[in-house]
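For chain A, the structure is supplied; the task is to place chain B on it using the hints.
Read top to bottom, the protein sequences are chains A and B. Under the working numbering, the first residue of the first sequence carries the number 1, and numbering increases by one thereafter. Under the working numbering, the first residue of the second sequence carries the number 1, and numbering increases by one thereafter.
There could be a bad hint or two in this list.
[Said to hold, decoys possible] Cut-off 30 Å, straight-line C-alpha distance, at most; resulting in silico cross-link-like pairs (DSSO-like, lysine-lysine):
no., chain 1, residue 1, chain 2, residue 2
1, A, K64, B, K73
2, A, K98, A, K64
3, A, K156, A, K145
4, B, K92, B, K73
5, B, K92, A, K120
6, B, K105, B, K120
7, A, K145, B, K15
8, B, K15, B, K120
9, B, K92, A, K145
10, B, K105, B, K92
11, B, K105, A, K120
12, B, K73, B, K121
13, A, K120, B, K73
14, A, K160, A, K145
15, A, K98, B, K73
16, A, K98, A, K156
17, A, K98, B, K105
18, B, K129, B, K92
19, B, K121, B, K92
20, A, K145, A, K98
21, A, K120, A, K98
22, B, K128, B, K92
23, A, K64, B, K92
None of these hints come from the bench; they were simulated from the model.
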Amino acid sequence: MNSSSGKTYMSTSNCSTGRKAGDAAAAAADQFPVGLRVLVVDDDPTCLMILEKMLRTCLYEVTKCNRAETALSMLRENKSGFDVVISDVHMPDMDGFKLLEHIGLEMDLPVIMMSADDGKHVVMKGVTHGACDYLIKPVRIEALKNIWQHVVRKRKNEWKDFEQSGSVEEGDRQLKQSEEADYSSSANEGNWKSSKRRKDDEDETDERDDTSSLKKPRVVWSVELHQQFVAAVNQLGIDKAVPKKILELMNVPGLTRENVASHLQKYRLYLRRLSGVSQHPSNLNNSFMSPQEATFGPLSSLNGLDLQTLAATGQLPAQSLVTLQAAGLGQSTGKSGIPMPLVDQRNIFSFENPKIRFREGQQHVNNNKQMNLLHGIPTTMEPKQLAGLHHGAQSMGNLNMQVASHGSQSSQNNPLLMQMAQPQVRGQMLNDTSLGHAPRLLAPMGQPILSNGVAANVSTRNGIQENIRAPSYNPVSQTSSMLNFPMNHASELPRNSFPLGSTPGISSLTPKVAFQEDVNSDIKGSVGFLPSYDIFNDLNQHKPQNWELQNVGMTFDTSQHSNSLQGNLNHAHSVLVQQGFSSGQVNGQNRSATVVSKAMFSSGDSTGHVNAQNGNQHLNSLLVDSTVRVKSETPTNLYPDDFGQEDLMSALLKQQDAMAPAEHEFDFDGYSLDNIPV
Amino acid sequence: MERNPLRRQLQIMRKSLFDQGYLDEQFVQLEELQDDSNPNFVEEVVTLYYRDSARLILNIEQALERKPYNFHKLDAYMHQFKGSSSSIGAKKVKAESTLFREYCKSGNGEGCMRCFQQLKKEYATLRKKLEAYFQVARQAGPMETACRPK
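Extracted from the complex, chain A is given alone in its bound form (with noise of 0.2 Å):
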């Protein structure tokens, strides 16, 4: 680095601005951080003036914007042109704390809040909201001398994320191009982020061929996008689903049959790990199916059985489904019986790539601990939860919906139900007793994993949102019963409410779905279902922004997070399931939830917030932060390596689709999983 030529750069630091975003890039990745491009939004002309200088001082590549808006859009139609955006807080048209999330979902940029407000629970929102720093007004120049260190953390831990996602070759190929790409246009890869996530073999590779290969102009399969492409696909009936009838059905200017026809792919993939029926060697399958076996003992059963329905999400017939659930349910007190609304398929689709961890999570979703396997049968669960769980799989299409509406929710769990998380969480989450909280946050994944108790504590806020979120796959919703995940089900896993809580703000989401294989032993909140889905309960406060950011983020945005959302809620979610079930831990299980959700849900929390920040793209980062260790210790709590996660997440997704779309309104509050003898 030529940090002594920064003096020498003193003249030209104006010129600078003037290059092209490649040389520049080029330029800056030698003298970094020099050349750092960053976008600054402020709506205060004076400050925004005095930034400026500041910034060109520091020799960085600055890009000025006094609208929020404006910001986003200039984001989205370059999307590697910045490497880390610095944002008022108070703007008259947008919320800060919105935009931030909106970055973290769709670009997963490093954000620096701003503000003459230095109150506590100000900075502690930007925390919340995944902000990597907060500047207190007037900002002297020292502190934007080090912005820098904030990207590098970011790119860091994008790739640990990244090698600790079940791709490990994936990861390493998208690494290197990441690395490559550093700056500059990382490229068409960037755009999906999926690099991180994408686990999928040869999807992948098509994938990356499609959007590296040209330099076509990134697509962001926002949620809204994305629940249309369901729609789409749903209208047509998957299997007559084509690239061309899709596109005409969407009807989106600018929308490319090739778009389509990739984003197929990963949704495919998606579904097929969900059922279980994955090319991959997902053992979900496997794990889905013993439980099924198994006595759907209170736990146990119903937590193989979610994974089964989870990882059946696309595949399992409803009624095996059903059936299990039933059976599950049956079994299970039924209180857990939430049955988290398949996470829209949506969801599910997004969890798509992440096919980590969620097997793993799947197996272990074994846990016969009272997991209801609500799959999709919410029997269970409350009304209240049933009907946030609909609600949440109706408004799985609506993303946001359910964000919003769950974001009241207190649900402490909400971390759990990371709106990524499919909805899994929810259901699965609200395990009969606790219910409360149910973390359905995590069902938002394509399977509404209903993790019956777990999801429990899970903020259902935010978890409900998830799975409201959850793109009402319909597949995925027939499972509804699926993902019910039994999470906690009849356990007072409720508790677990994915506390994961040990780590808070999941902000990744990146499904990552780091599960890892720790994941049995412990939960480690690798999870990285839920993007970013913090688990703190604050974010019930912003709930409605933080389920539709976060959901948008994680599942929606499959371009990249959902891939890993999903794939991590799915893990997440057996996780969740797992642990809340076995054992009923409720604690552990929420744990593994959220280690899980984490990655998504940023779980760790009991409180289960899951934040799912916004959208960090790299739900895998969340994954292998969580630092949740499942103290459930319960083999089964984390769902085995072979649970792909995005099984789970879809089973939870999708159950969450079923369940209720609207679980907003579930209050899980009501569900704690305090209840759960661990």
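Same frame as chain A, but now just chain B:
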């Protein structure tokens, strides 16, 4: 000590602004940003500030004409105003803004009104002083118009 009388005068003016508490450290930050490529940076920023904040002052004034007071709104406006003022180092103005917000939080309409009047005075005074300052600065020449002793 500056031999150039204008520069000397400038230095004195500057010192007085700081000593009397009109400006704080943030103003120095602005001065440090000024360089050859932007020789009038400080003046430009201050001009921009006065232009933009006039709008906020107006908003607050209008809000204070409507009874009962919408404290939430008033607080929001003042928050913005405060942020702006603090970014140029307007110390007294910033202090009045903080006080105003306190009154808003406690729902003290009278206090708000009184405080606002005081704020406007400080705001106007600072403007005059800075205008005079920049005038001398321009006359004194680009060099060392607002440099702190190295």
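* To do: Measure nothing beyond the straight line between the CA atoms of B/K92 and B/K73; if it is 30 Å or shorter, mark the hint as holding.
  => 22 Å, holds
* Taking 30 Å as the top limit, are the C-alpha atoms of B/K128 and B/K92 close enough? -> 14 Å, holds
* Taking only the CA atoms, is the gap from B/K105 to B/K92 under or equal to 30 Å? -> The hint holds at about 20 Å.
* 30 Å limit on alpha-carbon distance, applied to hinted pair B/K121 and B/K92 -> 10 Å, holds
* Would you check the hint for A/K160 and A/K145, treating anything up to 30 Å between C-alpha atoms as holding? => With a Cα-Cα distance of about 25 Å, the restraint between A/K160 and A/K145 holds, given a limit of 30 Å.
* Restraint check for B/K105 with B/K120, where alpha carbons must lie at most 30 Å apart -> Measuring from Cα to Cα gives roughly 20 Å; hence the hint holds.
* **Straight-line alpha-carbon gap B/K129 to B/K92, limit 30 Å** => 13 Å, holds
* Within 30 Å, alpha carbon to alpha carbon, are A/K98 and A/K156? -> Given pair A/K98, A/K156 holds - Cα atoms ~25 Å apart, limit 30 Å.
* To do: For the pair supplied as a hint, A/K145 and A/K98, confirm whether the alpha-carbon distance does not exceed 30 Å.
  => 25 Å, holds
* To do: Verify the proposed pairing of A/K98 with A/K64, using a straight-line Cα cut of 30 Å.
  => 18 Å, holds
* With a cut-off of 30 Å on the C-alpha distance, tell me whether B/K15 and B/K120 pass. => 23 Å, holds
* **30 Å Cα cutoff - pair B/K105, A/K120** => 16 Å, holds
The structure meets every hint from the earlier list without exception.
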